[in-house]
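Full structure from sequences and hints, please.
Quick note, the sequences are listed as chains A and B, same order.
Numbering of the first sequence is given in the UniProt record's numbering, commencing with residue 1 and proceeding in unit increments.
Numbering of the second sequence is given in the UniProt record's numbering, commencing with residue 1 and proceeding in unit increments.
Simulated from the structure, these hints should not be mistaken for lab results.
Owing to the predicted nature of the structure, the values given are computational and were not obtained by experimental measurement.
Positions of the beta carbon are idealized from the N, C-alpha and C atoms, including for glycine.
Please note that a few of the clues may not be correct.
Unchecked claim - Partial selection, computed: residues in chain A whose CB lies under 7 Å from chain B:
{"id": "1", "residue": "Tyr4"}
{"id": "2", "residue": "Ala42"}
{"id": "3", "residue": "Gln50"}
{"id": "4", "residue": "Val61"}
{"id": "5", "residue": "Tyr67"}
{"id": "6", "residue": "Ile130"}
{"id": "7", "residue": "Gly152"}
{"id": "8", "residue": "Asp251"}
There are 2 protein chains.
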Amino acid sequence: MEIYNGKAARKLIRENKWMGPTPSLAPGFTQANLVIVPYKYAFDFFLFCQRNPKPCPVLDVCERGEYTPILTAATGDLRKDLPKYRIYKNGLLTEEVSNIVNLWNNDFVSFLLGCSFTFENALMTAGIPIRHIEENKNVPMYITNINCLPAGIFSGNMVVSMRPIPRNMVDKAKEITSQFPKVHGAPIHVGSPEEIGIVDINSPDYGDRVTFKGDEVPVFWACGVTPQVAIMRAKLELVITHSPGHMFITDLKDEELKKL
Amino acid sequence: MEIYNGKAARKLIRENKWMGPTPSLAPGFTQANLVIVPYKYAFDFFLFCQRNPKPCPVLDVCERGEYTPILTAATGDLRKDLPKYRIYKNGLLTEEVSNIVNLWNNDFVSFLLGCSFTFENALMTAGIPIRHIEENKNVPMYITNINCLPAGIFSGNMVVSMRPIPRNMVDKAKEITSQFPKVHGAPIHVGSPEEIGIVDINSPDYGDRVTFKGDEVPVFWACGVTPQVAIMRAKLELVITHSPGHMFITDLKDEELKKL
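Pasting the structure below:
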């Protein structure tokens with residue numbers, strides 16, 4: 001497969017030459033969650049992210065009506081550069097579309113949030129297995145009993161993603177991911193799903209069940225689905241997000257997101 | 001002198017028993033810059049801070065109309081807990097007052113930004129001299145030729161504070177302050193004032209000139225006056241800030257602001 005950089009990958013997507021999930025595209029380039037809200041909710045959403053930086057790490061925010069994320073992709077166009085978008089109306093998913101040019105409105109505010117793909121690459125580079133990738137599944141995600149700090153109209157429980165990690169690699173996984181505070185950072189819990197309100201590890205609320213092997217323990221990271229849940233709960237008249245796995249590819253390199 | 005914690009120091013100030021500058025009060029507790037803007041400018045100001053985290057490190061933001069900063073001081077009252085406030089109207093300083101209870105308006109949004117007092121304490125603990133403290137002066141500050149990234153109505157040049165540091169301690173000073181990204185972090189420049197547009201190191205734009213000794217070099221850090229300059233340039237009808245040196249004292253400990 002050809003290797004693309006962030007800009008080339010966006011071009012491919014913009015021209016509808018890549019319609020699928022983005023994880024394998026543009027290795028090493030940081031991918032981001034997209035959330036677009038009407039301006040009147042933008043301050044509250046910004047505040048929700050600031051108060052809950054582990055599930056909602058802000059990488060870039062556009063000005064009202066702008067669709068170029070100047071910090072992360074100066075040539076990007078958030079209306080066209082994701083392979084699939086989700087449209088939510090009054091808290092309900094109504095449609096998936098491949099661009100939002102015709103929906104665009106000068107009142108929109110776009111947020112790009114860090115995504116766990118960045119730290120998964122770092123974990124794999126360090127020889128730590130990532131089960132859902134091995135099994136070609138979506139990462140299992142769970143709604144916890146941990147309340148996010150509310151902000152204005154936004155509130156909700158934290159959603160976590162889970163990866164089974166061999167017991168002797170847990171410390172290494174913690175160490176590596178703690179270097180990436182802009183993509184969820186260190187795990188929020190290790191070992192006991194029930195302690196964070198997860199009844200059945202084999203029944204994720206989102207994504208797919210994955211296999212545990214021998215001495216593996218469940219390790220939980222704050223997840224970028226958290227803001228989507230908060231947004232759906234708030235029942236805004238209109239919200240646009242990326243479709244799961246169909247992310248925005250930035251010009252940032254994963255390595256740059258490491259703490260200095 | 002009696003030793004206060006953050007809460008006790010705020011009580012003292014709230015009861016008008018402490019009217020002066022705050023640096024010596026509540027050692028070890030994090031002090032913060034205050035900026036209050038009308039709600040309609042809050043998103044733009046938040047974005048300006050997000051885009052310029054070195055001069056504008058956000059510690060806490062209140063919801064519209066709230067005056068308790070829940071992340072940093074759950075018992076705080078931003079209307080009363082600073083010894084001196086500045087009122088700006090249309091970009092001009094019009095008044096200094098000891099509380100803003102009568103000015104308070106449910107449309108206000110309050111931002112607390114990190115302040116260099118935190119890293120100065122860490123530098124002094126490590127044996128690095130802080131000249132303006134030794135000389136009982138205000139830190140010298142300069143307007144640089146470095147443009148902040150604009151956001152909405154806010155723009156302007158970065159303001160830096162300067163401390164003369166013995167040449168053999170510069171690396172240590174860099175290392176220590178880089179551990180505190182929430183209070184301006186590592187220096188933005190070392191050694192050559194002219195490279196960042198400073199014509200005369202002996203004529204600061206704000207604060208006081210300080211003495212250089214033998215082998216000391218000027219070290220420059222991003223400064224919390226930067227957002228005040230951006231706000232004055234934007235000529236908002238009303239802005240309230242702390243008065244220089246008269247900060248908000250939080251319940252956070254300086255040590256907690258270190259990167260994990």
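Now the hints, each set against the structure:
1. Tyr4: Interface hint status for Tyr4 of chain A: violated (27 Å vs cutoff 7 Å).
2. Ala42: holds, 5 Å
3. Gln50: At about 6 Å, which falls below the 7 Å cut-off, the nearest Cβ of chain B leaves the hint on Gln50 of chain A intact, so it holds.
4. Val61: holds, 6 Å
5. Tyr67: Not OK, violated: Tyr67 of chain A not within 7 Å of chain B, min 15 Å.
6. Ile130: At 23 Å from the nearest chain B Cβ, Ile130 of chain A fails the 7 Å test, so the hint is violated.
7. Gly152: At about 6 Å, which falls below the 7 Å cut-off, the nearest Cβ of chain B leaves the hint on Gly152 of chain A intact, so it holds.
8. Asp251: Violated, because the Cβ-Cβ distance from Asp251 of chain A to chain B comes to roughly 16 Å (cut-off 7 Å).
Of the numbered hints listed earlier, those contradicted by the structure are 1, 5, 6 and 8.
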